Amino acid sequence: MSSTPTPRGARRLPRALATAAALALVPVSSALVAPAQAADTPHDPAPAAAGASWLQHQLTAGVVHNDEYDFDDIGLTADVALGLAGLGGHQDTVSSIAATIAPRAHDEWYTSTYQGVTTVYAGSLAKAVVLAQQAGQDPTSFGGHDLVADLEAHVAAAPPVTGRVEDENNAYGDTNTIGQAFAAQGLATAGSSAAASVTSYLLEQQCSEGYFRLSLSARDAAAQTCDGGKASGDSAPDTDVTSLAVLALLGQTSDPAVATALTHAESWLKAQQRSSGAFGGGPSTAAPNANSTGLAGWALGSLGDTAEAERAAGWVRAHQLVDVGACTPFREADLGGIAYDGAGVTGARSDGITAKTQDRFRRATSQALPVLQWAPAATGDPQVLSAPDYRRAGSTTPVGLVGLAPGASACAVPQGGAGAQAAANAAGEAHVPVRVVRADTGPLKVQVTPESGAGDVVTLHVLGPLTVPFGLKATSLPRGSNQLVKVHGLAPGEQVRVLFRGHRVASGQAGDDGRFRARFPVTGASGPAKVTVLGEFAGIRRHTKTFTVTR
Numbered sequence: 304m305s306s307t308p309t310p311r312g313a314r315r316l317p318r319a320l321a322t323a324a325a326l327a328l329v330p331v332s333s334a335l336v337a338p339a340q341a342a343d344t345p346h347d348p349a350p351a352a353a354g355a356s357w358l359q360h361q362l363t364a365g366v367v368h369n370d371e372y373d374f375d376d377i378g379l380t381a382d383v384a385l386g387l388a389g390l391g392g393h394q395d396t397v398s399s400i401a402a403t404i405a406p407r408a409h410d411e412w413y414t415s416t417y418q419g420v421t422t423v424y425a426g427s428l429a430k431a432v433v434l435a436q437q438a439g440q441d442p443t444s445f446g447g448h449d450l451v452a453d454l455e456a457h458v459a460a461a462p463p464v465t466g467r468v469e470d471e472n473n474a475y476g477d478t479n480t481i482g483q484a485f486a487a488q489g490l491a492t493a494g495s496s497a498a499a500s501v502t503s504y505l506l507e508q509q510c511s512e513g514y515f516r517l518s519l520s521a522r523d524a525a526a527q528t529c530d531g532g533k534a535s536g537d538s539a540p541d542t543d544v545t546s547l548a549v550l551a552l553l554g555q556t557s558d559p560a561v562a563t564a565l566t567h568a569e570s571w572l573k574a575q576q577r578s579s580g581a582f583g584g585g586p587s588t589a590a591p592n593a594n595s596t597g598l599a600g601w602a603l604g605s606l607g608d609t610a611e612a613e614r615a616a617g618w619v620r621a622h623q624l625v626d627v628g629a630c631t632p633f634r635e636a637d638l639g640g641i642a643y644d645g646a647g648v649t650g651a652r653s654d655g656i657t658a659k660t661q662d663r664f665r666r667a668t669s670q671a672l673p674v675l676q677w678a679p680a681a682t683g684d685p686q687v688l689s690a691p692d693y694r695r696a697g698s699t700t701p702v703g704l705v706g707l708a709p710g711a712s713a714c715a716v717p718q719g720g721a722g723a724q725a726a727a728n729a730a731g732e733a734h735v736p737v738r739v740v741r742a743d744t745g746p747l748k749v750q751v752t753p754e755s756g757a758g759d760v761v762t763l764h765v766l767g768p769l770t771v772p773f774g775l776k777a778t779s780l781p782r783g784s785n786q787l788v789k790v791h792g793l794a795p796g797e798q799v800r801v802l803f804r805g806h807r808v809a810s811g812q813a814g815d816d817g818r819f820r821a822r823f824p825v826t827g828a829s830g831p832a833k834v835t836v837l838g839e840f841a842g843i844r845r846h847t848k849t850f851t852v853t854r
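Residue numbering for the sequence shown follows this note's numbering, starting at 304 and increasing by one per position.
Honestly, the hints are just simulated from the structure, not real lab data. Source: prediction; values computed, not measured. Just to be clear, a hint being listed does not mean it is correct.
Said to hold, decoys possible - In silico lysine to aspartate or glutamate, EDC-like type, Cα no more than 16 Å apart, as pairs: (1) Lys659 - Asp373; (2) Lys659 - Asp376; (3) Lys789 - Asp815; (4) Lys789 - Asp816; (5) Lys573 - Asp530; (6) Lys659 - Glu371; (7) Lys533 - Glu512; (8) Lys748 - Asp692; (9) Lys659 - Asp370; (10) Lys748 - Asp759; (11) Lys573 - Asp608.
To be verified - Pairwise CB distance ranges (calculated): (12) Arg822 - Gln718: 39 to 45 Å; (13) His791 - Ala721: 33 to 39 Å; (14) Ser653 - Ser578: 36 to 42 Å.
Glycine residues also receive a C-beta, built at the ideal position from the N, C-alpha and C atoms.
Make a model of the complete structure from these sequences and hints.
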């Protein structure tokens, strides 16, 4: 691993350390992970199970309650249900959620009334149709309302907006492409006669590059397409919207236009994935985040792009709150939740998931959960990298593991110190930052435990502060002669540098007996001249002496 210390090629290590270096990798207990899985079951179910459990525990009396502003969030409750439905295996919970919010959805979700004027949010109405269908309920009789007929009533019939789903009495905006996608999915599933025009208008929101835009053109604009909106700046690429459009269109692949659109969207999405496996979102969410990565990985996995889905799942897993071994950085009630990004993980480690951060965790987990069905399992026994190099007392140094499942975490606890935890990268490599608690020279044992179970012990070889003992051949030498430096008391194989008047004149390694000798020519002006010997860590292992240069 690039950032993990490994033996230096020219270094002469003491015999005991050389043996460890030759091994290079120390296998963790063979009981650490299950035997290699068959090709048809290469995924680890633990992250998805933990995420689903945490998400279900966010329900209070069947709905998500926002503790910061003290209200029941019916829309987010629907997102929780759709996330669980996307993962699969939680049909009873999905059905229960739908049954709970059905009598409240009209007044508390997809419509609102103020001063006698009722606003209908068509995108939320469309999502309610899909929720009812995913829950196995009848969308034509959901909470006493025919959601399909209500949605059809908000589909424009006249050009240039034929098929567009529109809000009613909304002075602050209109349905966007996400709402259009839910409408296309819900109406197609319901067998509505409006499905064709709604789907056609949705396909017009795909730009020639393959992505779908978020915001629709103004209702009275002549150009209603994604490409037509580029000139006015209304057609920025958006990973989240493209992913949701793909998921919404999967049920209509027999339509050649839909099949072509999915092919173009698939190619565009695959090109957006970063080497880490992550995706960014739209213009305001361009940095890698769990929402965008989860949605894009879910969409690509559903299209059969398993490798891309696995890479996305690994990145999401790395942002899931998990305690490993003796490392317990997170509260028990928070375990399984997925942070939006690294800052979210850091915040949860210090403060837990709070009333101010719970909404972001809930939304991230709802959208990212389905991709965890593709979370790769480790393919063998994780291995702890040996640590033959010296480590500076009081420093923080990485302890490396390889062979972990991508995104899986590992814990490292130094003897007498606090544990630290880190997640594996896409290659299954983790670098756990360990605080070297020794203040002096000697061995430091570190217990290393991967997420999957049993661990192993690696020994760090620590060097503490030292006034490097050395002697000079003479206290006075003529210019042109050679000075001899004799160093002792170093650690076996320790790196040594000799400076004369501030310039390096010799370097090498101490022998197994901790000794080092070097000669250098005496140059420069007559008078006092300083010789400095630097050990492995120049800041804490050094000493300076002076001799006189004569003519």
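Satisfaction of hint between Asp608 and Lys573, Cα-Cα up to 16 Å: holds, 9 Å
Measure nothing beyond the straight line between the CA atoms of Lys659 and Asp376; if it is 16 Å or shorter, mark the hint as holding. holds, 15 Å
Is the straight-line distance between the alpha-carbon of Lys789 and that of Asp816 16 Å or less? holds, 13 Å
16 Å limit on alpha-carbon distance, applied to hinted pair Lys533 and Glu512: Roughly 12 Å between the alpha carbons, so the hint for Lys533 and Glu512 holds.
Hint says 33 to 39 Å; check whether the CB-CB distance for His791 and Ala721 agrees. Between His791 and Ala721, where Cβ atoms are some 36 Å apart, the hint holds.
Hinted pair, alpha-carbon criterion (16 Å max): Lys748, Asp759. Please report holds or violated. Given pair Lys748, Asp759 holds - Cα atoms ~10 Å apart, limit 16 Å.
Hinted pair, alpha-carbon criterion (16 Å max): Lys789, Asp815. Please report holds or violated. holds, 15 Å
Holds or violated: Lys573 to Asp530, with C-alpha atoms at most 16 Å apart: violated, 21 Å
Would the hint linking Lys659 and Asp370 be met if the CA-CA limit is 16 Å? Answer holds: Lys659 to Asp370 is near 8 Å, not above 16 Å.
Just tell me: holds or violated, for the beta carbon distance of Arg822 and Gln718 against 39 to 45 Å? holds, 42 Å
Given the hinted pair Lys659 and Asp373, is their Cα-Cα distance within 16 Å? holds, 12 Å
Is the Cα-Cα distance between Lys748 and Asp692 16 Å or less? holds, 14 Å
In terms of the numbered hints stated before, the structure departs from hints 5 and 14, listed from lowest to highest.
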